[in-house]
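Visitor: Sequence:
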Amino acid sequence: MKITELLTRDTISLSIAGSKKIDAIDQLIDVLDKAGKIADMKNSKNRF
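With our numbering applied, the sequence shown covers 34 to 81.
Everything labelled a hint here was simulated from the structure, so no lab data went into it.
Certain hints may be false.
[Said to hold, decoys possible] Listed below are the simulated BS3-like cross-link pairs for lysine-lysine, each with C-alpha atoms no more than 27 Å apart in a straight line:
hint, residue 1, residue 2
1, K35, K54
2, K70, K54
3, K35, K75
4, K70, K35
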């Protein structure tokens, strides 16, 4: 998958909150999931 396939209006969030890296990653995974870009949400979150 190319990065250009992931970057759409639905997958860009300008309001990421949290002071830790894991919090930001968790929020980004949620954004990608809501946009339908993640096939296996359970395994995606377990990697981090």
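Visitor: Does each hint hold? Answer for all of them.
Guide: Here is how each hint holds up against the structure:
For the hint pairing K35 with K54, the CA-to-CA distance comes to about 23 Å; that is within 27 Å, so the pair holds. At most 27 Å may separate the alpha-carbon atoms for a hinted pair to count; K70 and K54 meet this at roughly 21 Å. Only pairs whose Cα atoms come within 27 Å are accepted, and K35 paired with K75 is accepted, the gap being roughly 22 Å. For the proposed pair K70 and K35, the alpha carbon gap of about 12 Å is at most 27 Å, so the pair holds.
Hint violations for this structure: none, all hints satisfied.
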